[in-house]
Amino acid sequence: MFPGRRQACHRRAVGAGRVRAMSDLFEGLLRPYDERRRAELVAAYMAVEHAAEPVPEVRFPALREPALRRALEEMLALTGRTLVRAAPKEWTSGYRDDVHAALAADPSCTPPAEDRAVLTLVLVHSVAIPRAAGLLGEDTWRSAHPAGADELRRRSQLPVGELDAALRRLRAAGLVTQVKAGAGDAGGYVPGPQFHRLTPAARRRLQEELILAAGPDSPLAAAVRTRRAAEAQQGDPA
Amino acid sequence: MSVDVGVLARARARARVLGAVAVPVTAPVPSGLSGVPDGDRVWLLPVWPDGATPAVLEQYETPPMPLDRAGQQRRVLAAALRCCWTRLDDAPWPGEAAPVADVLSVYAHLARGDADLARRWATGELRRLTDTGWLLLDEDAATVRTGPRTAQWPAETLASLRDLLRRLPGPEPLHA
Numbered sequence: 640m641f642p643g644r645r646q647a648c649h650r651r652a653v654g655a656g657r658v659r660a661m662s663d664l665f666e667g668l669l670r671p672y673d674e675r676r677r678a679e680l681v682a683a684y685m686a687v688e689h690a691a692e693p694v695p696e697v698r699f700p701a702l703r704e705p706a707l708r709r710a711l712e713e714m715l716a717l718t719g720r721t722l723v724r725a726a727p728k729e730w731t732s733g734y735r736d737d738v739h740a741a742l743a744a745d746p747s748c749t750p751p752a753e754d755r756a757v758l759t760l761v762l763v764h765s766v767a768i769p770r771a772a773g774l775l776g777e778d779t780w781r782s783a784h785p786a787g788a789d790e791l792r793r794r795s796q797l798p799v800g801e802l803d804a805a806l807r808r809l810r811a812a813g814l815v816t817q818v819k820a821g822a823g824d825a826g827g828y829v830p831g832p833q834f835h836r837l838t839p840a841a842r843r844r845l846q847e848e849l850i851l852a853a854g855p856d857s858p859l860a861a862a863v864r865t866r867r868a869a870e871a872q873q874g875d876p877a
Numbered sequence: 003m004s005v006d007v008g009v010l011a012r013a014r015a016r017a018r019v020l021g022a023v024a025v026p027v028t029a030p031v032p033s034g035l036s037g038v039p040d041g042d043r044v045w046l047l048p049v050w051p052d053g054a055t056p057a058v059l060e061q062y063e064t065p066p067m068p069l070d071r072a073g074q075q076r077r078v079l080a081a082a083l084r085c086c087w088t089r090l091d092d093a094p095w096p097g098e099a100a101p102v103a104d105v106l107s108v109y110a111h112l113a114r115g116d117a118d119l120a121r122r123w124a125t126g127e128l129r130r131l132t133d134t135g136w137l138l139l140d141e142d143a144a145t146v147r148t149g150p151r152t153a154q155w156p157a158e159t160l161a162s163l164r165d166l167l168r169r170l171p172g173p174e175p176l177h178a
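Those protein sequence lines, which keep their order, are chains V and B. The first sequence begins at 640 in the working numbering and counts up one residue at a time. The second sequence begins at 3 in the working numbering and counts up one residue at a time.
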């Protein structure tokens, strides 16, 4: 369960002689650490970047110890990423807010319109509506209230083939999770594990977008638009 | 963080979003990405510290991102490797182009149930494995090659994969 026996076992040269990896990327940050610390940092880096769900800090010393956590944050920053605390003592990683803004403005980095439309529908039905009914907390994007497949078919205005293709891409990207039908439950789709990776600013932005999508004429939506206009005037992108 | 470092970080983040992307061989490989040469182009892939791979997660009993029909996808990848990685003493990359029909016939040995359905599923998996850089499917030529991500497999971890592929029956002659 705990590192010890496996420390340093993942230190090795990448594809020697075949692929010239630019493995110096992290060297400057890792060099000051001894073998054990270094292995702990690398393990925590791979865990927050590649695990499906947030990882508990009890298993990863580099997440537990503030000094190592700062080094880990610097490693992630090299690729535009940052640590995200998904729950008390649980960590994952996500895009830094400044990097996210640049990527969102790049058309080659944004998913097709139909995928975004289907994801919005899933979020409206699995998060916004249960949240309005008091069934979900204010700041959570994980839901136990699936958007029904029938509901998506009725509301998406997409041919079934395109809807299914969009859902398949969203599943593959970890943006939605399919919930199988069970006893007394029709199954459907809920937000996927990627929603753990939102920074606090990204969560707030998404919440505002959902308000604008689900209730464009509501007083809340008007407040969001007013605040954004004021921020734009001040030249504050956040 | 200086402007340059920020620009580089954004370029690496962009590469992550786009997945395996090829650039002309004359283009510089951005610092912090791995360049996998492929004729007149270079595939840009992420690099991980100290040569670690996501397989590290297994040592920590931490599940990776789930795949749809993971078993089926693995079997299709194995069938493609059986056909494209024929010189097993060499590295899997760049491998050789093999007819999709050969891959599907190898896959037929590994799949159960309706053969036509299995072929259709397998074709879908070939596309998905191409999207993620594990294979390179050329739909016009109806051929498939190993993908640039296989170049990142550490040489010392390939022994069990070689054993598996040696045991796997090869493609059946088309007009037997």
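These aren't lab readings, by the way, just hints derived from the structure by calculation. Positions of the beta carbon are idealized from the N, C-alpha and C atoms, including for glycine. Take these hints with a grain of salt, some might be off.
As the list claims (entries may be wrong) - Stretch by stretch, here's where chain B covers chain V in the computed footprint (C-beta under 8 Å, at least three residues): (1) 691 to 701; (2) 709 to 719; (3) 737 to 749; (4) 803 to 814.
What the hints assert, rightly or not - Simulated restraints, written as ranges between beta carbons of each label pair: (5) B:Gly-21 x V:Arg-843: 24 to 30 Å; (6) V:Gly-826 x B:Thr-134: 22 to 28 Å; (7) B:Asp-116 x V:Ala-812: 27 to 33 Å; (8) B:Ala-117 x V:Arg-703: 23 to 29 Å; (9) B:Ser-162 x V:Ser-857: 55 to 61 Å.
Stated by the list, open to error - Which residues of chain B face chain V? A few of them, derived with a C-beta cut under 8 Å, are: (10) Arg-16; (11) Arg-18; (12) Ala-22; (13) Val-25; (14) Pro-26; (15) Pro-56; (16) Tyr-62; (17) Pro-65; (18) Pro-66; (19) Trp-123; (20) Thr-125; (21) Leu-166; (22) Leu-170.
>> Just to be sure I understand the hint, the distance between the Cβ atoms of B:Ser-162 and V:Ser-857 should be within 55 to 61 Å; is that true here?
In response: Since B:Ser-162 and V:Ser-857 have Cβ atoms about 58 Å apart, the given range 55 to 61 Å holds.
> Hey, does the B:Pro-66 contact hint survive, CB to chain V under 8 Å?
Replying inline: holds (6 Å)
> Taking 8 Å as the limit, does the beta-carbon of B:Val-25 come near enough to a beta-carbon in chain V?
Replying inline: With Cβ-Cβ at 13 Å, over 8 Å, it is violated.
> Counting residues of the stretch 803 to 814 of chain V whose CB is closer than 8 Å to a CB in chain B, do you get three or more?
Replying inline: holds (count 4)
>> Let's test the interface hint: is any C-beta of chain V closer than 8 Å to that of B:Ala-22?
In response: Violated - the Cβ of B:Ala-22 stays beyond 8 Å from chain V, reaching only about 13 Å at its closest.
> Once the shortest beta carbon distance from B:Pro-26 to chain V is found, is it less than 8 Å?
Replying inline: violated (17 Å)
>> Restraint: B:Leu-166 near chain V, CB-CB cut 8 Å. Satisfied or not?
In response: With Cβ-Cβ at 20 Å, over 8 Å, it is violated.
> Does the interface hint hold: is B:Pro-65 within less than 8 Å of chain V, judged Cβ to Cβ?
Replying inline: This hint holds: B:Pro-65 lies near chain V, its Cβ roughly 5 Å from the closest one there, short of 8 Å.
>> Is 24 to 30 Å respected by the C-beta to C-beta distance linking B:Gly-21 and V:Arg-843?
In response: Distance hint for B:Gly-21, V:Arg-843 holds at roughly 28 Å.
> Using the C-beta atoms of V:Gly-826 and B:Thr-134, is the stated range 22 to 28 Å upheld?
Replying inline: holds (26 Å)
> Against chain V, is B:Tyr-62 within 8 Å by beta-carbon distance?
Replying inline: holds (6 Å)
> Does B:Trp-123 pass the interface hint, meaning its C-beta sits closer than 8 Å to a C-beta of chain V?
Replying inline: Given a least distance of 12 Å, the restraint on B:Trp-123 is violated.
Hint violations for this structure: numbers 8, 12, 13, 14, 19, 20, 21 and 22, all remaining hints satisfied.
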